[in-house]
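Asks: Below, each chain spelled out in residue letters.
There are 2 protein chains.
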Amino acid sequence: MQTKKIFLSESEIPRQWYNVAADMPTPMEPPLHPGTGQPAGPEDFAPIFPMPLLEQEMSQDRFIDIPEAVLEKYLIWRPTPLYRAYDLEKHLDTPAKIYFKNEGVSPAGSHKPNTALAQAYYNKISGTKRLTTETGAGQWGSALSMCCKLFDLECKVYMVKVSYNQKPYRRMMMQTWGAECVPSPSSETAAGRKILEQNPDSPGSLGIAISEAVEAAVQDETTKYSLGSVLNHVLLHQTINGLECQKQLAQTGDYPDVVIGCAGGGSNFAGLAFPFVRDKINGKDIDVIAVEPTSCPTMTRGPFAYDFGDTVQMTPLIAMNTLGHSFVPEPIHAGGLRYHGISPLVSQLLLDNLIRAEAIPQLETFEAGVKFARTEGFISAPETDHAVAVAIREAVKAKEEGKEKVILFNWSGHGLVDMAAYEAYFAGRLQDHALHEDEIQRALADIAPLPKPKQYTGA
Amino acid sequence: MQTKKIFLSESEIPRQWYNVAADMPTPMEPPLHPGTGQPAGPEDFAPIFPMPLLEQEMSQDRFIDIPEAVLEKYLIWRPTPLYRAYDLEKHLDTPAKIYFKNEGVSPAGSHKPNTALAQAYYNKISGTKRLTTETGAGQWGSALSMCCKLFDLECKVYMVKVSYNQKPYRRMMMQTWGAECVPSPSSETAAGRKILEQNPDSPGSLGIAISEAVEAAVQDETTKYSLGSVLNHVLLHQTINGLECQKQLAQTGDYPDVVIGCAGGGSNFAGLAFPFVRDKINGKDIDVIAVEPTSCPTMTRGPFAYDFGDTVQMTPLIAMNTLGHSFVPEPIHAGGLRYHGISPLVSQLLLDNLIRAEAIPQLETFEAGVKFARTEGFISAPETDHAVAVAIREAVKAKEEGKEKVILFNWSGHGLVDMAAYEAYFAGRLQDHALHEDEIQRALADIAPLPKPKQYTGA
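For the record, the sequence lines run as chains A and B.
Residues are numbered in my numbering as their position in the first sequence, beginning at 1, plus a constant of 43.
Residues are numbered in my numbering as their position in the second sequence, beginning at 1, plus a constant of 43.
If you are wondering where the hints come from, they were derived from the structure by calculation, not from laboratory data.
Watch out, some of these pointers could steer you wrong.
If chains are identical, the list can't say which one is meant, so a pair holds when it fits in one copy or spans any two.
Pairs of lysine-lysine, DSS-like flavour, derived with a Cα cap of 25 Å [claimed, not checked]:
no., residue 1, residue 2
1, K414, K172
2, K167, K414
3, K133, K448
4, K48, K140
5, K167, K133
6, K172, K133
7, K140, K442
8, K448, K290
9, K48, K290
Same shape as in the complex, but just chain A (with noise of 0.2 Å):
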């Protein structure tokens, strides 16, 4: 019998996560104070951040230490599963070994809690009483409701409310972990009544959330807010999944020639990839893809730049590939790939070329993501199709070309609570939507690219 899963014993779990940012040939960019222009220090997001988290933002650290209390409570879930997936070989026909790691049995059933957790904890041992964050289709904010639960911290989260009202399977997944979970805009907020005055009928953003979540954070010493991408810090947390990972492969003695994750924020991308990108600068030979969908083309056509985080322009400029703060991509089923930037360590990763992109239809996810589930068994959310198509493009790829590669991909989740897209999908309701050239610059005209952004040419 072939073995199917390679598992880890609890005693083997990484100890420490792993910080890309010491190993970049390119210094990052400095995020930079809206207000000023100058570099934003610790002291600018300490109303909304506790420090530890802080540090590790700005930390040059290659490793950082897991805290016991974070390892016990990782142990609900961790380490995840590596899997072989001889049967969509075998249906594919290629001469590629496939491998994915299994994220979704986390009780929330994705990556998410892996930076959730580490979030709650330093924010339960800095003082916080009371979390607060937006979300769209409710991925993230289970995740930090169910982590906040698990430190006895309150959870209060603004959810848009187009998804609130019709997404309500992770809303009540929020509640039944004790959260407080509000349609965004809400009465609670001066962001939200002044929407709300314009537009009682609105139906709410990832912007107005994220701005009433903010507000309600810095309006009070003992609650903070808390983000699910983008930040170095929630990159960082997820590293501990590539970090299994590569201690499962070495179990089998293959080694990738292609890593894969898909990337909204790009946390999920970035908790795999990230230890194999160190693999990569020391010297290994390994196409490391970063999966978008064709209507949110933030790194294949996004410009790097200094741009919002926000739509609503509160947060300090970060340097990132963007398509614009105000570009509003087409609500696709992947919802948490529709973010208008991408985190500024993947962009400089991309920058450097030790990483790239690609651009996926959403039709060709759901193809992918059914073929996977008729041989795999697993159904995963949309968001993770584009990880699952593009690795069945790098298969049959490698069956024309006759190499025997080895493709690995994070399978970042389940999609249970996403099954109306499957439906949406079955019933030809679902179309592809590349964007025209001059919808991209008419959503780039508000922001300028860094006209001599610094790129390593090592690689």
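With chain A's structure known, arrange chain B on it following the hints.
Replies: Okay, now just chain B, sitting in the frame of chain A:
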């Protein structure tokens, strides 16, 4: 760091199922042909089940080999982890050790594929091209859909119409796994058409759906029928779980004083419990508890009697605890526990005092589920919450008695597709349903309890 999860490596997966019939002190009462009243043999069942499953149904062999092809696909989710519920223990301040077996890691999110996979395999090698089945909320229908696809069989699911409309997620899972799912009553069968003539707006019932699925199976040589609980071979396939669990517990040095599972038809309970029942027959002192809802108290208030397995009286008569085939329980959220009878194997073991039953009111189960989610992270299916509730009762009792008991329960599935139940609970829309004696008497009017069932007195 304490060990939270006990894994088995894939090479340690049990290679045989355990057949409790071989060890039962009282032999089973045979099923009776509904027309003749004579014991029914394999030939009576041959139109709807393939021969290998009928042989297992009647087998007295203690262990039955798991075919290599089934083992290979079991590895998609098995062996499943055994968890120690440290945080629940701490919350309850109990000296008891609480273990739970996590069957929610399967792609369908429950224990159901353990038998669906085996049934699909034996049908495949017997020349079956298509399986039919019925499903209520869809837990079973989705599991069978997946497993049929894995063994390249067609699958047709008759889903109770009210659930088809109100609980669309599992229906969409079936579609994603390539099954055809139709609302029952349908116009495709004589049984369905008859109901629709009488009442075009019939919401359907499990009884009607069974009739449709069986009718569709008998019409066609290469179509067979599949059942997800109650029958001996179904329970047999589930025992892989208890056998795994025994190996896992051996690693800890602990042995359970109490073993708990919720029971609708009895298969998830049996899957965990039967290998421990064997130990009990061989002298171990274990309290083995099957948990049911007070609104459907088959085991605690139904007599041991010959009754039909379905409401429309098509099946053979089977000797079991039953509330009568016409009994319709309240529409509680634990839909999987709303069966009027219970597996004959479970019934005989109850009669022989080798196991016992406990009935739990609905509100207590959700209270338990919320407590569990807020300490251990995982959100349970409403059925599973019945087992959680009794585990908590036993842990509290252990505290009162000052005993360091070892409690083990089957966490048979997650509730992420059942969140509407939790919302109803939080909104105060759920109630307890305890049956009045006269309701029970009315339900029992059309069956006759066995006057002198054989009973074991040695336990």
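Asks: So, for every hint listed, does it hold in this structure?
Replies: Results for each hint:
{"no.": "1", "hint": "K414 x K172", "in the structure": "between (45 Å within a copy, 21 Å between copies)"}
{"no.": "2", "hint": "K167 x K414", "in the structure": "between (43 Å within a copy, 21 Å between copies)"}
{"no.": "3", "hint": "K133 x K448", "in the structure": "within (14 Å within a copy, 48 Å between copies)"}
{"no.": "4", "hint": "K48 x K140", "in the structure": "within (13 Å within a copy, 29 Å between copies)"}
{"no.": "5", "hint": "K167 x K133", "in the structure": "between (48 Å within a copy, 19 Å between copies)"}
{"no.": "6", "hint": "K172 x K133", "in the structure": "between (52 Å within a copy, 21 Å between copies)"}
{"no.": "7", "hint": "K140 x K442", "in the structure": "within (11 Å within a copy, 52 Å between copies)"}
{"no.": "8", "hint": "K448 x K290", "in the structure": "within (19 Å within a copy, 37 Å between copies)"}
{"no.": "9", "hint": "K48 x K290", "in the structure": "both (13 Å within a copy, 19 Å between copies)"}
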